[in-house]
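*Asks:* Sequence:
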Amino acid sequence: MIELDLPRLLAALHAGGVDYVVIGGIAAVFHGSPFPTEDLDITPEADQDNLERLAGALRGLNARIRTEGVPEGVPLPCDGASLAAAETWNLVTDAGDVDLSLRPSGTAGYPDLLRAAVATDLYDSPVLIASLGDVIRSKQAANRPKDQRILPTLRELLAQRPPPRPR
1 MIELDLPRLL AALHAGGVDY VVIGGIAAVF HGSPFPTEDL DITPEADQDN LERLAGALRG
61 LNARIRTEGV PEGVPLPCDG ASLAAAETWN LVTDAGDVDL SLRPSGTAGY PDLLRAAVAT
121 DLYDSPVLIA SLGDVIRSKQ AANRPKDQRI LPTLRELLAQ RPPPRPR
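Under my numbering, the first residue of the sequence shown is numbered 1, with each subsequent residue one higher.
To be clear, the hints were calculated from the coordinates, so they are not data collected in a lab. On a predicted model such as this, the values are computed, not experimentally measured, just so you know. A hint or two may mislead.
As the list claims (entries may be wrong) - Under the rule of at most 20 Å between Cα atoms (straight-line distance), these lysine to any residue pairs were calculated in the SDA-like manner:
id, residue 1, residue 2
1, K146, P34
2, K146, T107
3, K146, G106
All chains should be built: construct the whole structure from the sequences, respecting the hints.
*Replies:* Quick look at the structure:
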């Protein structure tokens with residue numbers, strides 16, 4: 001496994017003009033989770049132009065499909081149409097593992113996550129981070145053992161937040 005180089009991954013996505021929301025472990029850590037993560041999970045905008053831009057960024061990172069039996073990964077058909085053909089891609093790149101989820105569990109994909117996403121800069125790259133509520137919603141729906149272990153902590157973080165101010 002290649003160590004996660006988050007600055008390089010985010011810079012490549014930004015340079016490629018890719019529209020996406022950070023989800024999963026990195027989003028949870030952004031919101032205060034103490035649980036480390038070893039990959040970058042994103043939900044890209046699924047329109048063809050954006051998926052072509054994403055494919056270009058992934059080619060620049062030498063993206064391959066991650067499999068258990070082949071640590072270096074297997075070739076990825078890296079174009080927008082191929083990326084659109086599956087809802088989830090687990091990839092290995094020269095900058096670490098990247099998971100693409102066009103429609104994360106419990107969500108309607110990018111437009112759904114975008115409405116409550118937090119805009120910030122990470123490592124000098126502008127990014128959108130899924131809201132803590134959306135991270136919780138997705139992890140609840142996925143219902144994987146690793147998600148079930150961290151959900152109590154994420155719910156506690158959400159409960160400790162002050163209520164939103166009226167606009």
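*Asks:* Going back to the hint list, which numbers does this structure go against?
*Replies:* Checked against the structure, no hint fails, so every one of them is satisfied.
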